[in-house]
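Construct all of the structure, not just a fragment, from the sequences and the given hints.
Going line by line, the protein sequences match chains C and B. When we follow this note's numbering, the leftmost residue of the first sequence carries the number 1, and every step to the right adds one. When we follow this note's numbering, the leftmost residue of the second sequence carries the number 1, and every step to the right adds one.
Fair warning: there could be bad hints in the mix.
Claimed, not checked - Computed list of lysine-lysine pairs in BS3-like fashion (alpha-carbon distance at most 30 Å, straight line):
1) 105/C - 287/B
2) 287/B - 73/C
3) 241/B - 152/C
4) 129/B - 105/C
5) 267/B - 73/B
6) 177/B - 105/C
7) 73/C - 288/B
8) 525/C - 513/C
9) 151/C - 237/B
10) 137/C - 267/B
11) 114/B - 241/B
12) 105/C - 288/B
13) 106/B - 182/B
14) 33/B - 182/B
15) 137/C - 114/B
16) 241/B - 73/C
17) 106/B - 199/B
Unchecked claim - Cβ pair distances, simulated, as ranges:
18) 51/B - 177/C: 48 to 54 Å
19) 68/C - 103/B: 37 to 43 Å
20) 53/B - 68/C: 26 to 32 Å
21) 65/B - 176/C: 35 to 41 Å
22) 264/B - 176/C: 53 to 59 Å
23) 274/B - 213/C: 57 to 63 Å
24) 65/B - 88/C: 29 to 35 Å
What the hints assert, rightly or not - Sample of chain C residues with no beta-carbon within 12 Å of chain B, all distances over it, derived:
25) 78
26) 86
27) 435
Treat the hints as calculated values from the structure; they're not laboratory data. Just so you know, even glycine gets a beta-carbon here, dropped at the ideal spot from N, CA and C.
One letter stands for each residue in the lines below.
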Amino acid sequence: MSRWFTKKNTLVIASAMLAGYLLLILTVTNLGQNKLEESRDNELHLRISHYGELLSNYFKLAKHNSSMIVQDKAIITFFGNKSSGMSMTYGLGASLFNLRDLINKQLIYPQDKLTPVFSRLTLIELDQSIIADSENKIPFNYQGIDISYFKKSPQTLFIAKVDDDLAIRLSTTVYFHNSPIALLIAEFNKEQIISLLTALEYEGSGSHITLRSRKGDLFIWDSLDTASYAEKTHAHQDLMHSFHLKEEIIGAPFIIEAWFENINDNDLFTSKWFVVVISLLAIPVFLSLYYLFYIEHKNAQLHHQIINSKKRRKELSKHNTELECEIKKRQLSEQKLAYQATHDSLTGLPNRSYSLEKLNHAIAHSQRTQKKVLLMYIDLDNFKQVNDTLGHAAGDEILIETSRRLSSALRKTDTVARLSGDEFMVIINDLEGYEQATEIAFKMHYLFDQPFQIDKHLFHTSSSIGLAIYPDDTDNAETLLKCADMALYKVKGNGRKNFSFYEAKMNDEVNRKVAINLRLHAAIKENSLEMYYQPLINLKTQKIIGAEALMRWTDSELGFVPPDEFIAIAEKNNLIEQLGSFALNTAVHQAAKWQKITPMQIAVNFSSVQFRNCKQLLNDIENVLNTSALPPERLDVEVTESLIINQEGELFDMLQTLRSMGVELSIDDFGTGYSALSYLQKFAFTKLKIDRGFIMNLSENEADQSLVMAIVAMAKALNLKVVGEGIETKSQMKFLNKIDCEIGQGYLFSKPLPADQFEELLKDPDAIQKLING
Amino acid sequence: MANFKSIYLVITLLSLSLYSHYSHSRDLEEIKKSGVLRHIGIPYANFINIYRGGETPIITGLDVELMKGFAKKLGLKYQFVEATWHNSMILLTGYNAHFVNEVVVKGHVQHEIKGDLLAAGTTILPWRKEVVDFSTAYFPSAVWLMARSDSSLSPITPSGSIKQDIQIVKSLLQGRKVLAMKQTCLDPDLYDLYNTGAKIILPVSERKLSEMIPAILNNDAELTLLDVTDILIALEKWPGKIKVIGPISEDQEMGVMFRKDSPNLRKAFNMYLQEIQDSGEYYSLIKKYYPSVFHFYPSFFNEKP
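Okay, here's the thing in structure tokens:
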């Protein structure tokens, strides 16, 4: 709807309507003109016939009126009294008075507006004497009065010429006892007749009316545009006044004759002129409409352009805003990225790369100021334990708190950075010397004396700090970092919770480890590793019942390398599985051979690292037992307590499998680890080896004695065999024997021996006895 | 006739013996104090008309309007006291009075006075003047002899002299039955009718003057006396049925009756009458009730209607 209701459409519709309207006016005008003429003719005919009717009714009314008068009581009384012979003096005078009063009253109407019907009333006796006359001054004119004729009929309307004028009169006969006794002559009021016949005429109505009779004409009205009133009584025969009408009066000897002006000559617009004017009027109207249309068209174009331009501006503005927003976002994102690239997301501290950059800056700065730079490597002790027990969220809390403590303890010019995990780095600029460095180290160290609050828990931790100084320890940033790292490593190695400055020998230790690693690889390749065997002695019989296989490595370059040293390195460098495999195969095959000499059990040590892949280890054990044909019960798998802690599931299943195969299980170094004795029940161990630490001071230390006794008692209760390790003296042996410790191992009996030497020992049944006593 | 006379005599005597003291006459001052003007009236012609159609009678007429105007002039309330020709004098004066055998017989018994004046088209007669005072004459009158139209008597031809005309009329009465009424203007004693040889018929019961024509139309008598004012009405009422034979009396005049001890009231009325005659109001009233009377008595009404 609204789509169509536009200005343009409105204009078009308006134009069409206007054109239609003009056409309609022209048509209607033409039709109207014709109808007007027709209706005018009809109207005039109607008017004249109306006049005729009016006049006819008027006469009828007058006749009725007159007949009513002659029947009035006053007239009857008068003639009654008169006929009874009463004299005027005594009675008749009163009747005459009333009669005259009646007649006079006919000419006076109570309503002033009405003109009396009659202008004169005269009551005459049949002998022509006048009884009563409404007019006293002008004598009654008997012209046209024929009493003998009139008395024959009740009423006669007649016209008489009186003094060159027409008099219209009505004679009404008065009867007394049914005989005509008098005549009432009533003369019509001509003014009344004229007013009736001009009821619808007005000045400018363009008409002429005459009342015609045989006795003469009565001029009624003329409003035709004639030269003079001299023509009053003449007919208007010219073309200008050609419309002529006649009407007879019923009940009276009259004809109304009227002339009317021709309608075409009246001051009405002829249709021709009207058409011309309307047509001319149409021209400016159409021109203005066209102009309006033209303006509207231009306006619409302009309007459209403005709207488009506004729209485009709006779009551009929107686009600009979006761009600005995007730029801002990108800037923020870049800043964020830059920040993230250089800072640790958790603590907000500079990260490793950024801190190195800072370190370089600090070194460059110190070169200019001839001052020193202190680099500190700080590691939180037991952080892994926090993560494991309280969760990573708690660990994060500690890291954040640590960074806060470190930052607040230092100057603004110093740098605190988080390198990774629980490792922090601190760079101290403008260091005066070693003493200041020590002070700072203490200060840092004591920062961790206060416990950390995590939720409702208080958590105690400590720090290990490694320190290195530029330019004392090195002349470049990278090495300085390594120095500090080494110092830290040393602190950690020494039991943590301390700080240490870098020393040059630290570098040598590192170098040795690297060398061991390299050589160990080579040794595995070259098969230069050896297995030694230390006998396990039945303390009661003092016979060899088994041996513990121990790995020995003597490198061509490094010489003898202690097993603790190279095994730790092998564990770290993924060489342990190869070493373990070598030990298992060698020892089992060797033991299988030795079974021919005497039945014996071979104990093989397994690193906890080896148990990471339980299935593989189980396969290896099964394979070696199969290939060597050593009875499973002759194999003793030795593990440390640390393997058991927090390990369940797969390891448990594996150990159960081994036990079901018949393989025996021993706990090595019992009493040194985190002993939760419940595992002794849980896992199906067969042996328990008391650590050499308890045995060492057994002779002197009563506490140790009590402990060993308790361990043995416990083992017995749990149906475990007990091995005493590191027996070096007879008294130790005796004590153990006394408390029912079944098996012993140590230098008292034999040091670990190469296979061939051990075989010799095995072949001599008294060899052990000799050694003890020897 | 003698019976009537003796009856009146007895009544008069009784009246004289029953003298009482409760008559209460009052003049203008007392009337003004009382605030009411009491008009004694007798239904008669167009002077007093009483129409008893509704709950309260409608009282109109020339005298009623005249007295109402007078009361209004005095600033008094108007009160109408209806009377008959017989008791009217008592109501006005408190005493009875009769004209018997050309002698005025006055009663001595005092009755209560019920009105202050009497206006009922009463003719100013000499005997009445002995008893009461009259105002200035305010209406003309006369008494004529009327007959049914079928009567053998013909109207006289006026001789030009009223006295001669009366003689002619009286001469026609020999042996004829003539209806008359005592105590009114139609009292036969007033016109010495007993000496004309006429048979005077007085109504047995009290009758109104307007009932005289119906009486002769009813053949109670051939002729009747009638005052002109009633004649004017009768002629219009029964046109052709009755006829005027001729005059019985000379021209008479009517006046309002006052007690003799109310001179101030009378004076006040005369002044009022003069006022309304001067203003033309009086003529309008006459015209209203007796339009044709001007024709008969142009000299009485100085002004032409």
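Holds or violated: residue 114/B with residue 241/B, Cα cutoff 30 Å?
Between residue 114/B and residue 241/B the Cα gap is close to 41 Å, so the pair fails against 30 Å, i.e. violated.
With d taken as the least Cβ-Cβ distance between residue 435/C and chain B, does d exceed 12 Å?
It holds; residue 435/C is separated from chain B by about 149 Å at its closest Cβ, greater than 12 Å.
At the C-beta level, are residue 65/B and residue 176/C separated by a distance inside 35 to 41 Å?
Given range 35 to 41 Å: holds, Cβ gap about 37 Å.
Do the alpha carbons of residue 267/B and residue 73/B lie within 30 Å of each other, as the hint requires?
holds (13 Å)
For the pair supplied as a hint, residue 525/C and residue 513/C, is the alpha-carbon distance within the 30 Å limit?
holds (18 Å)
Distance restraint between residue 241/B and residue 73/C, which requires alpha-carbon spacing of 30 Å or less
Since the Cα atoms of residue 241/B and residue 73/C sit roughly 13 Å apart, the hinted pair holds (cutoff 30 Å).
Can the restraint linking residue 106/B and residue 182/B be considered satisfied, given a maximum Cα separation of 30 Å?
holds (16 Å)
Given the hint that residue 137/C pairs with residue 114/B, test it: the Cα-Cα distance must not exceed 30 Å.
violated (55 Å)
Does residue 182/B sit within 30 Å of residue 33/B, going by the straight-line distance between their CA atoms?
Distance ~37 Å between residue 33/B and residue 182/B Cα, so the pair is violated.
Pairwise hint evaluation, residue 237/B against residue 151/C, where the allowed Cα distance is 30 Å at most
With a Cα-Cα distance of about 28 Å, the restraint between residue 151/C and residue 237/B holds, given a limit of 30 Å.
Has the given pair, residue 241/B with residue 152/C, been kept, meaning a C-alpha gap of at most 30 Å?
Distance of about 28 Å is within 30 Å: holds.
Next pair to validate is residue 137/C with residue 267/B; report whether the Cα-Cα distance is within 30 Å.
violated (45 Å)
This entry does not satisfy hints 4, 6, 10, 11, 14, 15, 18, 19, 25, 26, going by the numbered hints stated previously.
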